[in-house]
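Asker: Protein chains in written order, with the numbering used here: chain Z, 1 to 419; chain P, 420 to 799.
Honestly, the hints are just simulated from the structure, not real lab data.
Mixed in with the good hints there might be a few duds.
To be verified - Quick list of in silico lysine-lysine cross-link-like pairs, DSS-like style, CA-CA up to 27 Å:
no.	chain 1	residue 1	chain 2	residue 2
1	P	Lys713	Z	Lys170
2	Z	Lys380	P	Lys489
3	P	Lys489	Z	Lys338
4	P	Lys704	Z	Lys170
Just so you know, these numbers come straight off a predicted model, no measurement behind them.
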Amino acid sequence: MNFFERDLEALERRIKRISESPDPTKLKSNKLLFEIEAEYRRDQIAAWKEGLPFACGDGFAPLLRALGFVFLDSIRAADRSPQKAEEYLRHIRRDGLPDWGCDRVILVIPMALSGDIPIPSFVASTNWACDVISYSNNYIAKVKKIPEYYVTVHYEVTKQAVEFLVEELKNMIEYVERNVPGAKFDEDKLAEGMYLQRQQWEIMRDIYKLKGRTPCPIGPRDSFREERWVTDYTNPHRGLEYMRALRDELFERANSGDVPIKDEKLRIGWVNTGPMFSERPFQLLQERGVSIPIFLHGSSPRLYHIWEEEWEYAQNLSPLEDQAWWLLSNSWACLADKWSKDVIRFCEDLKLDALIDFRQTGCIQTVAIGKILAEDVENKLGIPTLVAEGRGLIQEGFDILDFEQKVIEFVDMCIENKS
Amino acid sequence: MFTMDEMEKRLIDLIQSSNSDTRAKWALEWKKKGQKVVGWLDPYVPEELIYAAGMLPYRVVGTGRGSLSKALAYRPVNSDAYYTRVLESQLLGELDFIDLIVTSNGDEDQRRLYDVLARLRPTIIMFLPRTNSEPSFHEWERSLTTLAKNLENISGEKITEQSLNDAIVACNKKRTLMQKLYELRKREIPPLSGTEFHGIICAAMSMPVDFFNSEIENLIPFLENRKTPMNIIKPRLLLSSDALDNPGYVQLIEEAGSLIAMDDMNIGSRYLLTTVDITEGNLLKALVKRDVSKPANSQMTSWPEQINQIIEWVKEYKIDGVVELKQVYNYPREFRSPMLKSELEKADIPFITISREYNLANVGQLQTRIGAFIEILTGY
């Protein structure tokens, strides 16, 4: 069974479980999400069988679709394979690759090379997220001799940075058309993709504001979910359908007061990553009246253009400029000062009392500035940060009980201080 | 006219000048004259611009002191050891004499080091594209222009066409002179051991260029006729590594019974073997052209080209085997290494890859592994 089939099976199990005995504390719209995800996996399975060309590259989905590819969410696939994580880690070690690298990402290499996911016809690489992703993509492309184009993203959003990226994207288009048989750029399709993305961003901004309500309308486990960009899907409109359903449900919860944690004692921002192999930490938090209004990771609010002062620039952008602007918007490619200012604004907007910074082993991007961020948040807002380190998928060497104990002690301390 | 013994002493003095306790000597003398020192971490930082602004470029090395307790409060244990040791050096006050440090975003670890350093001291980061496309070419030129303005602000001296031209000429001379030394390495019995050569490379990065050029110019006729001090000249190895500031590693490999006849290093061949073509006209563009044409570091995406360059050097320098010393937790190297191994195997070039610390450490293990590799090469 390949990854698509495994994931489809898991999604179908979840849908069945929700249909038979829904958890009232979790979002009803989750069922729609899993149904749409299952459709996406079926589409990918069909595309793979038909021999349609796939392309991967987080952040490039609108452009890759406009070039005629089926988008391959390879990094997300790696992230959703905890059951194969130990096996793939052995492959990494066998091949002499860095086994201490971020397990949420590096496992994409053995997945691709073993045929667990399709070999893409094109790889779009960038430093917009992290080096482990970009070097993993580079490795797959080089070993499998796949056409690859690398776009270096600036750490500042300026007019010049956008212009540079637009030129690079034009080069990338030319390169793909030259090197991938049958690939042809459709600007209208890119315009449509960016238009759909903007709709999603608008909905996500609404959701962000809703998360600022007290008590928080989203429960801890539901918050700990990375949003998917609608242009990943073969049918982005279905993605938008889910986003609207999610927003409407959160709006209804916020207005009616029918929220998972009515007696909210603490509001925590969860930063970076977490133990994906266990739901217990989130259950423990919920039992203690702790909300997690936001999970700050790759899809941070900057990616849906949360800051209105940036919107003036965004008027009248061409589709390629829009795609370029989006690529420039990931905090991860930025400097720490910018990330720090963002986190402080999130804490203020969402009325956060504390942060849990679960640092991913091998994640230089986040771990190497963790101290700065924690100090800034403490100095400017008086907000404490609990720091933990572990891997997202691999349990080897991680004491979950010890982590849970630390979380409980931290939370109890924060609640006491707050009262 | 100097005697052979005097020239030998001059050579030894040059090599030893880059020892940890003496390498800052010229920088400190420069400061005493009221001038400024600009430290650099990434060899892509153009020293020519720093000279043109009237300042001394100085390669920042990591501290040799054992404990990293200060730096590890900021950085994870599994991060690039060179950057961690640089941070420790800063926190120990060892870099206080440096007026400005220039880094790049060549890899995320360096960018994250910048994030911490910038809160502790004047530091600049340059945007370095990782590919050689035409837009990247223009963007790097923009980065150089921005750097030039920043350097002028720090030094108070304008970078003129003349001052930049003079700086390029001096740095080109350094590289041309070093290229002559690299040619001498091709001999069956070279006049310099790999350890000695490495010492000269390290001196090149801390010494004012005019003084260095003068020393090398005077030493070349002596070296052309120098009787090698080495007992062992086979097997001939190519050493591939980055941020190899400690010559102890080179010595360890040679003492195991080999000759390091060539290097693939970001502070060695890749830093020294390409000059700037000033007939280009526009000097900034000429600097950019040099940077895009020189052999790239593993942080760049052109891995096949980088590996092909190593294979060419193996042929050119009649190399028997390649030793890669990967610095621990350096992501670009770690990701490229399996491909390097595979391509060298296809080219029938013996290869070994070993992880190392930044400072000389785990000597016994290294000796054992290198010794075993050398035995294979010599046919035991």
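Asker: Against this structure, judge whether each hint is valid.
Answerer: For each hint, the structure was consulted:
{"no.": "1", "hint": "Lys713/P / Lys170/Z", "in the structure": "26 Å, holds"}
{"no.": "2", "hint": "Lys380/Z / Lys489/P", "in the structure": "23 Å, holds"}
{"no.": "3", "hint": "Lys489/P / Lys338/Z", "in the structure": "24 Å, holds"}
{"no.": "4", "hint": "Lys704/P / Lys170/Z", "in the structure": "23 Å, holds"}
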